[in-house]
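Trainee: The residues making up each chain are set out below.
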Amino acid sequence: VQPPEKPLQAEEWNRLRESFQSPEIFEEVMFNSMVRCNSPIDVAKSLLTHVAKRNGDIAYNLLVKYLALCVQQGQTSEIRDVYDIMKIRFRVLESGAYNLLIRGLSNSDQWRMALTLLEEVKKIMIPSRTNYESCIKAASRHQEMNLAFELYHEMLAKDLVPTLDVLQAFFDFSRGMKGAELQKELFGILLYLRENQIYPHKTFMRSIKLWFESIPGGNWRGHLTSIKDSGQCPVCNHQLEDSDLTEEEYNNLRERIIRDVIHGTDTFRKTSPQEFEAFQKFVEDRFPFDIVIDGLNVSHIKPRKMQCENLFDAVNCLAKDNARLLVLGRKHMLVNSSNWKREIMKEMQNKADFFFAENISEDDAFLLYATLRSGKHCKFVTRDFLRDHKACLSDSLTRHLFRKWQLIYHVKPKKMFLSVFIQQPALCYDCVVQTTGDTWHIPYKDTFEEKYSYRVPRKWLCIQQK
Amino acid sequence: MQSANVLLKKIVRSSVLPFAAQHGMKKDLFPLSRTLSVSFCLKQDNSCSPSEKLDLDAWKNVMKSGLQEEVSEMVSEPRELSTLAAAREILEMWRLAGRSVPENISEEQLKTFVECPSKSAKKKYLKYLHLKELYKKNDKRKMDEKRERRLETASKTDETRRNSFVCLWANCMDRAYSWRVAQSMIFGQPLVFDMSYEKDMSVREVANTVRQMVLSEGCNRRSVDPFHIHFCNFKDDSLYHKEFIKHYREAWGKLLITVTDQCYTDVFPKDKLIYLTADSPKVMKTFDHNKIYIVGSMVDRSVKTGVSLARAKRLGLETAALPLEKYLLWNTGAKNLTLDQMMHILLTLKDTGDWKKALEFVPKRKYYGFVSKPVHELKKNLNLINTLKLGKRQEEVRKQFAKNYSKKLTQK
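Respectively, the protein sequence lines represent chains A and B.
Counting from 1, one number per residue, gives the positions in the first sequence under UniProt numbering.
Counting from 1, one number per residue, gives the positions in the second sequence under UniProt numbering.
You may find that some hints are simply not true.
Said to hold, decoys possible - Label pairs and their in silico Cβ distance ranges:
(1) B:119 / A:383: 35 to 41 angstroms
(2) B:384 / A:226: 47 to 53 angstroms
(3) A:383 / B:140: 52 to 58 angstroms
(4) A:10 / B:127: 33 to 39 angstroms
(5) B:115 / A:128: 17 to 23 angstroms
(6) B:127 / A:20: 48 to 54 angstroms
(7) B:248 / A:383: 49 to 55 angstroms
(8) A:396 / B:301: 20 to 26 angstroms
Claimed, not checked - Derived DSBU-like pairs (lysine-lysine); straight-line CA-CA distance at most 30 angstroms:
(9) A:390 / A:178
(10) B:132 / B:304
(11) A:390 / B:326
(12) A:123 / B:199
(13) B:364 / B:304
(14) B:304 / B:282
(15) A:158 / B:285
(16) B:350 / A:123
(17) A:123 / B:123
(18) B:242 / B:285
(19) B:132 / A:341
(20) A:122 / B:124
(21) A:445 / A:379
(22) A:87 / B:122
(23) A:351 / A:331
(24) B:127 / B:146
(25) A:281 / A:390
(26) A:341 / B:127
(27) A:87 / A:123
(28) A:341 / A:390
(29) B:326 / A:305
(30) B:335 / B:199
(31) A:404 / B:304
(32) A:390 / A:158
(33) B:122 / A:123
(34) B:111 / B:122
(35) B:364 / A:158
(36) B:123 / A:390
(37) A:305 / A:341
(38) A:331 / B:242
(39) B:199 / B:272
(40) A:445 / A:404
Hints listed in this document are in silico derivations from the structure and should not be mistaken for laboratory results.
Beta carbons are placed, not taken as given, at the ideal position from N, Cα and C, and that holds for glycine.
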């Protein structure tokens, strides 16, 4: 339905309602389309008046829809009126109405009212992160940074993840402001980005840069740059943090993988205890390896070629520099078949160690174990992103460690020309927000949306104090 | 003064509002809040706008005037609410706001709702209750309609029919079925349901499982040559047990099945057992009348692959999967079937040994059709159909996308 352009009389509304196919929901549908078309609120008011006169009451959902229209147009006095009416009419309100009220009021000069509403929401449920977002933005817009940070910490304490918008608002509105406390809080936000591996997008990065440069007497200078492969910043010649996992992190990750990925709820799901024990013994006898190869995965790289030939090429190529290789496979590879020729398999076994798992076992779990057991220098070769194994890890911290470790140690065969492996150089520096006190290095994304989670940004913001 | 005020309000509310709203005297009579007077001023301003006959804020007066009494009632009530009562109120408001929320909710359900760990879990649970309520209501409506219709027809045809049998169908059939199942308990082929998955399932999944098992038991009872059903690893007072009692009530004790807390490996010789699981690498070729098939009583709504295969591996049992790929051109959906579908398929196989007939019980949405030609030929046709259906252009776009995508993957 098309909402009318001018307020209508009762009879006119009645006529419209009669002509509508299902009159019971006429008002609802009409209000929905008013919100969609952003009709003038006078029209909506005339409909409300019509409903009120006919029924002597207005249903809650209509009030909420009217409220949505008011919020959309920033009609503060109307929002307040609706709130007053709702308050006397209903004992509690629900989240939808509160969301609208908070959003509507926080954008007006009555933004303090939004704060009281937030308190009201807290009594009945946990406010959503957008509730907090509105209030924080309102407070920082009015330069009440202390209040804004108080809300921000409260939000973090409730395990709500702040939107990048909120974080950006802090930087935008503190521009040029003095105060050691404020500075500390904003550095805290940057460290929050570091801890959660969040990369700011371009506009956010710009806000950070402008804030730094605006600190009175701070003498901060920001430059956009990209880091050299060696991990050195071309602007300030600072060497970025090493990407290696610490000893503790590494051991932690290994234990978690054995516990969550290989054993999980039931060792039998991926392997069997006998098999895992045998594999453990096999690795203990022969480690450390330099490269662990996922035999089956590699053997499918070129579909036109025989599978064992693919593997053969890979082993030959990787075996060149006296590297100790371990190839993981399944028992069926040993059976002479059109894809797996016995002679070639024999020849390969001279160049590398092989372990053949049961046909129904998961060889990826072994791959992870053998690599981690061999130590930090060991790499593995597979095209698999191992997402399902990552998902088995029980907490997000370990999942992140896994991700980091994977980025460093994943040697992926690139597009092969004549079966030549080109190993992708792993990044030797850690791609997170980092600081030395008088410098900050902040990686950022070009676009707002994150296209691939496994891709780390290549662009950096270098900030240094003169 | 007070009573006169109330009286007047009532009059105002009932009929003559448009008239009353335009009278200034109302202002004096109603000791109302600030906003009302504000809106009055606004109204005065509006009076010179094009819609002069319309009082746009009249609805506010209506909403407020009707409420003075109720407000005073509310104040006397204690404001402190228990969490459950508060939750009930929130639910009520959500219902008013038009969310999918059940109209009636029991104390127990409310407790489950409050204990839901996250907002989305709460929403999901409410939607589930809402739909359940809708179905129930619809069923009841249909029942009532049916009863009415029956009453009508009954009053019309009241003549006595002559028949050589006394009409005792249901009872007789029951007895005949029971006799058959009793026979099968002595001579029939065992079929084992493995009831050891309770810890792998949520409460709702257990309820679904039991429902499916009740259906399977029913169709087994009605078949020509029933299985001898065993519930193995069945613990008394387990969640399974409670759900079964909910379904069967006192009939639970009279069911013609064997229920035991022993494992099937203790009851039957190991070499005769075959564990049916969709994850099995082995595909079942024929139905063997001398083997004992095991079905895991588990509904898996989340992704827990290989749980039953792990069990079979642990016990060193033979496994098998239905030859779905061989006989059906698969469309979508997981290859694991519900327990009652499994029962239908096994019963049909037992009676006829005909795979085609048995696999009729696989839900139609999951496959395109039976394989009559070699599979690759069918797939080619299918691609052709899809191309025609989607239009040529779209297909090209998709190919392009696939190409780019693989390029990106390899570049990375």
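Trainee: Now tell me if each hint is right for this structure.
Mentor: Status of each hint after checking the structure:
{"no.": "1", "hint": "B:119 / A:383: 35 to 41 angstroms", "verdict": "holds (38 angstroms)"}
{"no.": "2", "hint": "B:384 / A:226: 47 to 53 angstroms", "verdict": "holds (49 angstroms)"}
{"no.": "3", "hint": "A:383 / B:140: 52 to 58 angstroms", "verdict": "holds (57 angstroms)"}
{"no.": "4", "hint": "A:10 / B:127: 33 to 39 angstroms", "verdict": "holds (38 angstroms)"}
{"no.": "5", "hint": "B:115 / A:128: 17 to 23 angstroms", "verdict": "holds (20 angstroms)"}
{"no.": "6", "hint": "B:127 / A:20: 48 to 54 angstroms", "verdict": "violated (28 angstroms)"}
{"no.": "7", "hint": "B:248 / A:383: 49 to 55 angstroms", "verdict": "holds (53 angstroms)"}
{"no.": "8", "hint": "A:396 / B:301: 20 to 26 angstroms", "verdict": "holds (23 angstroms)"}
{"no.": "9", "hint": "A:390 / A:178", "verdict": "violated (44 angstroms)"}
{"no.": "10", "hint": "B:132 / B:304", "verdict": "holds (26 angstroms)"}
{"no.": "11", "hint": "A:390 / B:326", "verdict": "violated (33 angstroms)"}
{"no.": "12", "hint": "A:123 / B:199", "verdict": "violated (36 angstroms)"}
{"no.": "13", "hint": "B:364 / B:304", "verdict": "holds (24 angstroms)"}
{"no.": "14", "hint": "B:304 / B:282", "verdict": "holds (19 angstroms)"}
{"no.": "15", "hint": "A:158 / B:285", "verdict": "violated (56 angstroms)"}
{"no.": "16", "hint": "B:350 / A:123", "verdict": "violated (62 angstroms)"}
{"no.": "17", "hint": "A:123 / B:123", "verdict": "holds (19 angstroms)"}
{"no.": "18", "hint": "B:242 / B:285", "verdict": "violated (37 angstroms)"}
{"no.": "19", "hint": "B:132 / A:341", "verdict": "violated (59 angstroms)"}
{"no.": "20", "hint": "A:122 / B:124", "verdict": "holds (22 angstroms)"}
{"no.": "21", "hint": "A:445 / A:379", "verdict": "holds (28 angstroms)"}
{"no.": "22", "hint": "A:87 / B:122", "verdict": "holds (25 angstroms)"}
{"no.": "23", "hint": "A:351 / A:331", "verdict": "holds (19 angstroms)"}
{"no.": "24", "hint": "B:127 / B:146", "verdict": "holds (28 angstroms)"}
{"no.": "25", "hint": "A:281 / A:390", "verdict": "holds (25 angstroms)"}
{"no.": "26", "hint": "A:341 / B:127", "verdict": "violated (57 angstroms)"}
{"no.": "27", "hint": "A:87 / A:123", "verdict": "holds (15 angstroms)"}
{"no.": "28", "hint": "A:341 / A:390", "verdict": "violated (34 angstroms)"}
{"no.": "29", "hint": "B:326 / A:305", "verdict": "holds (27 angstroms)"}
{"no.": "30", "hint": "B:335 / B:199", "verdict": "holds (22 angstroms)"}
{"no.": "31", "hint": "A:404 / B:304", "verdict": "holds (26 angstroms)"}
{"no.": "32", "hint": "A:390 / A:158", "verdict": "holds (26 angstroms)"}
{"no.": "33", "hint": "B:122 / A:123", "verdict": "holds (18 angstroms)"}
{"no.": "34", "hint": "B:111 / B:122", "verdict": "holds (11 angstroms)"}
{"no.": "35", "hint": "B:364 / A:158", "verdict": "violated (47 angstroms)"}
{"no.": "36", "hint": "B:123 / A:390", "verdict": "holds (28 angstroms)"}
{"no.": "37", "hint": "A:305 / A:341", "verdict": "holds (13 angstroms)"}
{"no.": "38", "hint": "A:331 / B:242", "verdict": "violated (45 angstroms)"}
{"no.": "39", "hint": "B:199 / B:272", "verdict": "holds (27 angstroms)"}
{"no.": "40", "hint": "A:445 / A:404", "verdict": "holds (18 angstroms)"}
Comparing the model with each numbered hint stated earlier shows that hints 6, 9, 11, 12, 15, 16, 18, 19, 26, 28, 35 and 38 do not hold.
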